[in-house]
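**Q** In order, the protein sequences belong to chains A and B. If you use the numbering used here, the first sequence corresponds to residues 1 to 972, in order. If you use the numbering used here, the second sequence corresponds to residues 1 to 438, in order.
Read the hints as simulated data drawn from the structure, not as lab findings. Remember, predicted model here, so these are calculated numbers, not experimental data. A virtual CB, placed ideally from N, CA and C, is assigned to each residue, including glycine. Wrong hints could be hidden among the right ones.
To be verified - Ranges between beta-carbon positions, derived for each pair: (1) A:L4 x B:D249: 37 to 47 Å; (2) A:P80 x B:N388: 24 to 34 Å; (3) B:D103 x A:L4: 27 to 37 Å; (4) B:W424 x A:N16: 37 to 47 Å; (5) B:N309 x A:L22: 24 to 34 Å; (6) A:L4 x B:N309: 30 to 40 Å; (7) A:L527 x B:N127: 55 to 65 Å; (8) B:G46 x A:Q19: 11 to 21 Å; (9) B:G46 x A:A189: 30 to 40 Å; (10) B:R293 x A:L4: 38 to 48 Å.
To be verified - To be clear about the criterion: a stretch of chain B counts as covered by chain A if any three or more of its residues have a C-beta under 8 Å from a C-beta of chain A, and this derived list gives those stretches: (11) 85 to 96; (12) 329 to 336; (13) 373 to 381.
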Amino acid sequence: MRGLSVFISDIRNCHNKEQERLRVDKELGNIRTRFKNEKGLSPYEKKKYVWKMLYIYMLGYDVDFGHMETVSLISAPKYPEKQVGYIVTSCLLNENNDFLRMVGNIGGKEFSESLAPDVQKLLISSSCRPVVRKKAALCLLRLYRKNPDVVNIDGWADRMAQLLDERDLGVLTSVMSLFVSLVSNNAEAYWNCLPKCVRILERLARNQDIPQEYTYYGIPSPWLQVKTMRALQYFPTIEDPNARRALFEVLQRILMGTDVVKNVNKNNASHAVLFEALALVMHLDAEKEMMSQCVALLGKFIAVREPNIRYLGLENMTRMLLVTDVQDIIKRHQAQIITSLKDPDISIRRRALDLLYGMCDITNAKEIVEELLQYLNTAEFAMREELSLKAAILAEKFAPDLSWYVDVILQLIDKAGDFVSDDIWYRVVQFVTNNEDLQSYAAAKAREYLDKPALHETMVKVSAYLLGEYGHLLARRPGCSPKELFAIINDKLPTVSTSTVAILLSTYAKILMHTQPPDVGLQQQILTIFKKYESYIDVEIQQRAVEYFELSRKGSALADVLAEMPKFPEREAEDAEVDTAEQSAIKLRSQQQTSSALVVADHPSANGSAPAANHLTLVKMPSQTVSDAQEISATYEEAPKPSVEAPNGNGPIEVESKATNITEINNEIKVEPPTSRSTSPADLLADLLGPLAIEGPPAAELHPAQGLDANQSPVGDLALATLEDQSNSVQPTVNVEEKFHILCTKDSGVLYEDPHIQIGLKAEWRAHHGRLVLFLGNKNTSPLMSVRALILPPSHLKMELSSVPDTIPPRAQVQVPLEVANLRASRDVAVLDFSYTFGTALVDAKLRLPVVLNKFLQPITLTPEEFFPQWKALTVHSLKVQEVVKGVKPMPLPEMANLFMSLHLAVAPGLDNNPNNLVACTTFFSEATRAMLCLVEGIHQGTFGRHPKDSGSPSSCPSTATIAFCSTCHIQ
Amino acid sequence: MPVAASAIYFLNLRGDVLINRLYRDDVGGNMVDAFRMHIMQTKELGTCPVRQIGGCSFLYMRISNVYIVIVVSSNANVACAFKFVVEAVALFKSYFGGAFDEDAIRNNFVLIYELLDEIMDFGYPQNLSPEILKLYITQEGVRSPFSSKASDKPVPNATLQVTGAVGWRREGLMYKKNEVFLDIVESVNLLMSSKGSVLRCDVTGKILMKCFLSGMPDLKLGLNDKIGLEKEAQLKSRPTKSGKTIELDDVTFHQCVNLTRFNSEKTVSFVPPDGEFELMKYRITEGVNLPFRVLPTIKELGRTRMEINVKVKSVFGAKMFALGVVVKVPVPKQTAKTSFQTTSGKAKYNASIDSLVWKIRKFPGQTEATMSAEVELISTMGEKKSWNRPPIQMEFQVPMFTASGLRVRFLKVWEKSGYNTVEWVRYITRAGSYEIRC
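Just chain A, with the same shape it has in the complex:
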């Protein structure tokens, strides 16, 4: 057909899309004219134009005419014309088209039902030619997709097994396609086919009995191999040891036998097989040796020049990360992955970034984050936002020490200010505020950055904030007197936007407050600025200016009002946060647009009026105890004597002891310490100006044990006494107390850290079992000797600690698994007695392990209809416990709900008719009791106590003044 080949060569000779379009339009015009010709077309011409139509359609152009001609070809007498007719009809018309009715009674359920038995017969019959059976298998697959009922599962499992014994590879490939489809719907039914699949793979891998025409570049039928392995992945596991061994042998052979060669086609085929094999290895959770072999192979791939192979290598490595235990092996290729970050191909750079992000952990975080920061300079804009977000997340997640974290984030803001969302600098501020030893360091850093000539606005914000809060800590350093600080910050004032102006005004007010003795000149300057902004168009700034101006005349009272910001409530579940961040990164990539609202869901200052979802990650700071609550709310009223209360009553450590005091009624179940310690953020905000919040906690926290008095229960004694004798020369660099509380609601994090060692913890909980892993990381360049760890389990917990190595090599991390089983409910806490020698010094730390009661809870959501029958059916009174806790700080409803959620209590709406009460239920697991239903109620008690500050907003409840806990447990 010359016309067709001329047309195709014309199209191929087109230099650009535009030329191609012109040529196609011309041809379409020609075809239309021909079809419209009265004289009609010869069968040959008709065939030619229909072929051309199909070619144009395949090029992606819209062809919406000529169907009549196509269909008429189907009824042509000659085979070539008929063939064209069928091919083009099946391409141009989709099955729902009415026009197809003209062709024949095609599709439909009844049709498939009536046809299926015949097709099945053809497939099974041994007298048919292979080509017919091949088509029958594919036809049955189509019918099955249309109507799954055509294949009766019971009968077919055996038949399928029989069919898989087929020797003819062509038929086998078609049958395997059908099999994959069947198994994907119902793997259970086809167990008996599993060994057959393994046998097929064996046959292919050993290259036994493979006809020449089914080998492709020396690979025996790669298509069948891939399909078989795909089918195997639908089975959850392979239990039969023989089959498993055989399969692993085959996989081993594939892994060993694949290499990068010159020929592209061979590469494609062998890699398709290889990657399917990798997927299968991952699916089967093979032994470590095999995994490491896979990683080694991938490592070879990512070093190859060919970009496609490199891409696949990186991508599969990222997938491998999901399987545990291979991180260490992947780490060996870190250098190579970092070079891939500089690849000219952006998709490879992206994969490399994903992989680096995934493989980052405490040991290599520093290196990777620094590499990312460096890469930020040269990265293109499309990636910068994602890159900076990832760097920030990694820095936060794996920071070996906090000053490094501050360094990294400040660098990040400096280098990629446009791409750093506000939340990232909010986090820095939170960290600095919550860590006193960091404050002067951060302020000094901020001061350094302010010296730079060109500064991003975010940098101005964070620097101004830090210097306002902690600038006075630098007062002795050169260039850091209040006057100089003011001058350098004020330089930036004319160039910044309104939101920054607001921060700068606060900074001025703070500087003014910290200037002791008052400097008249400076005061005058600052007051002039306040005066100037008193009539500013932005209301926020205007208000600040007016208020600060008035406040600054109050003299010494200023110091009380503008005291240092209190600590922020800690957030829980870094994982959740990372997930949202990751999701937003992915979303960002898919949208490819700049958005600044990245981690908004975790906004720290969101209070009751914000949507409930925002609070899921908030956990409250340990600043009050249940019993203290009353005292404290009393002291709120008589504010003048706060410091009396603080040292001996306000220590968060007391939670246990005091809580037990109140709830000694029954020891079967306890009120969760974190719950009782809760203070709403709204309250914290309300307390900002109160001196109590500022002066109280620090003293108590530095020596957490000192403030304890005698009224402790014996168990409490155990937990606390261990903490008392920390008379070591080496002091922890983190607040151990705080870390413990954080870990009570989170499953991973740092438990303890001092200049020599960092102990991290990761936990998984399932019913009444728990598996913890302690990460002992040596931070020094010399080994830590005679490391010892001993668990002092309370009576209700069964704990097994694996052996701890005697020495930890320099800069190494040791993992120590710890198994926990909960025997019954109790409030006691397990203690880890940990000691090591560094040089000559013996360091001994007694650490409470966050194996607390709420870890064994599992939230369940029940409707009233489901709940009450269950609840009432439980009548064994011996296990019924109920306790009421009064005097809990008032808190808006949504926050309360979030707090419950964070403690594994699921809020069940509708259990209580009063909307002001909050009811949550959960299941408690222990070995003695199995699953038990528990109920927690928060009851609104009118006008007791203070209202939350933002009670004007509609979504916060008027006042949940008191919360009562009624926990009732039954054997289910």
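Assemble the complex: chain A is given as a structure, and chain B must be docked to it using the hints.
**A** The following block gives chain B in isolation, referenced to the frame of chain A:
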């Protein structure tokens, strides 16, 4: 003067860099990747010539099959940058002898680098005049000073040229015959509704000049524009001549025109550069004489047939004629068969632009021509998309006719030696976007 460019890139349609030059180091080397990612590979290409990506501004324009991209990181003068690009392209064209496209760039790498070095310095545009640059950036070989044969031409002094009072003209030019050619070229843009009322109409015109004059002549041009005539009448204290006067909008002059004299006396006087140049540009929005009227009737007869009837009337002087008249009547995409009847010219169906194309080579003034066509459509599978009837487009050229009515009243040449000159004046009107809705 503000910066115009930090870097300039020449890309082909695929986005490969053909040639580039960094003038300042405040932009990175990979900036063009950002351009490729954010502009070339998106639908935004061609929507806005200025884009800001990550603190850098990208200014780009497409010329034939080349994208010219200017990257600046500071607050740049965008108009200056675009003017620079246009002038640079004109310069390259004069060096390459006409064409400016990918192949021309590939064949002249060295020359382009040399020119790019010369025409911009640290982001500030320099001299872009081809006449002067050709004095010292030559394409021929350079004669060695040690060669025996002395060159017959004196070595031109480029420095003097650039710094002199009349930077655009060399001293000491000599022609046997002193001639001036003046072309007034206008293009008419029109949008007319189907009922024949004018929706939008304007004329953009330019006066092109070609001088072959000796010495340093001073020229003065008189047009029949309103301000010039009024001023003249006022100066000579005589009443304004009756007859048509034209109001010119948005006049731009070549740099040789003495603007102070234009402001005081409203006359266009200048010392012309040698050779061809564009003396002035203008725009006219009122009192436009349309050369053609078009009366279309289109009837859809059922689903598969259409009848099209187009009548074109020429309304310029009977002695004049239009050349290369093309009328493009859009038809639906599913057009299959067409048949035509025309009173003059030829018509045919062009499938690649989905139009009936009717061509008339010569169209005398004050006459009319008609074309009637029958169109058969092929039936399609999808439900019939309503045809939105794009406007009819027209192309033509009418010599010795100006749509604005602009005339040259005089062109005077003074030179010290007082030679005689021959002045040639031509007028031509072309169709810009001449559209009639149907």
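**Q** A separate judgement is required for each hint: does it hold in the structure or not?
**A** Hints, one by one, checked against the model:
Checking the proposed 37 to 47 Å range against A:L4 and B:D249 shows it is violated: the Cβ atoms sit about 57 Å from each other. The beta-carbon spacing between A:P80 and B:N388, approximately 41 Å, falls outside the hinted interval of 24 to 34 Å. A hinted range of 27 to 37 Å for the beta carbons of B:D103 and A:L4 is consistent with their spacing of about 32 Å. Remark: the range hint 37 to 47 Å for B:W424 to A:N16 is upheld by a beta-carbon distance near 42 Å.
The hinted range of 24 to 34 Å is satisfied by B:N309 and A:L22, whose Cβ atoms lie roughly 28 Å apart. In this structure, A:L4 and B:N309 meet the distance hint of 30 to 40 Å, their C-beta atoms being roughly 38 Å apart. At roughly 57 Å, the beta carbons of A:L527 and B:N127 sit within the given window of 55 to 65 Å. Separated by about 18 Å at the C-beta atoms, B:G46 and A:Q19 satisfy the suggested range of 11 to 21 Å.
Separation of B:G46 from A:A189 is about 58 Å and departs from the stated range, judged on CB atoms against 30 to 40 Å. Range check, B:R293 to A:L4: about 47 Å between beta-carbon atoms, so the 38 to 48 Å window is met. Proximity of the region 85 to 96 of chain B to chain A, defined as three or more residues with a beta carbon under 8 Å from a beta carbon of that chain, is not established by the 0 residues found. Look at the region 329 to 336 of chain B against chain A: 3 of its residues bring a Cβ nearer than 8 Å to a Cβ of that chain, three or more, so the hint holds.
Restraint check on the region 373 to 381 of chain B versus chain A: 5 residues with Cβ-Cβ distances below 8 Å, three needed, restraint holds.
Going down the numbered hints, you'll see the structure goes against 1, 2, 9 and 11, while the others check out.
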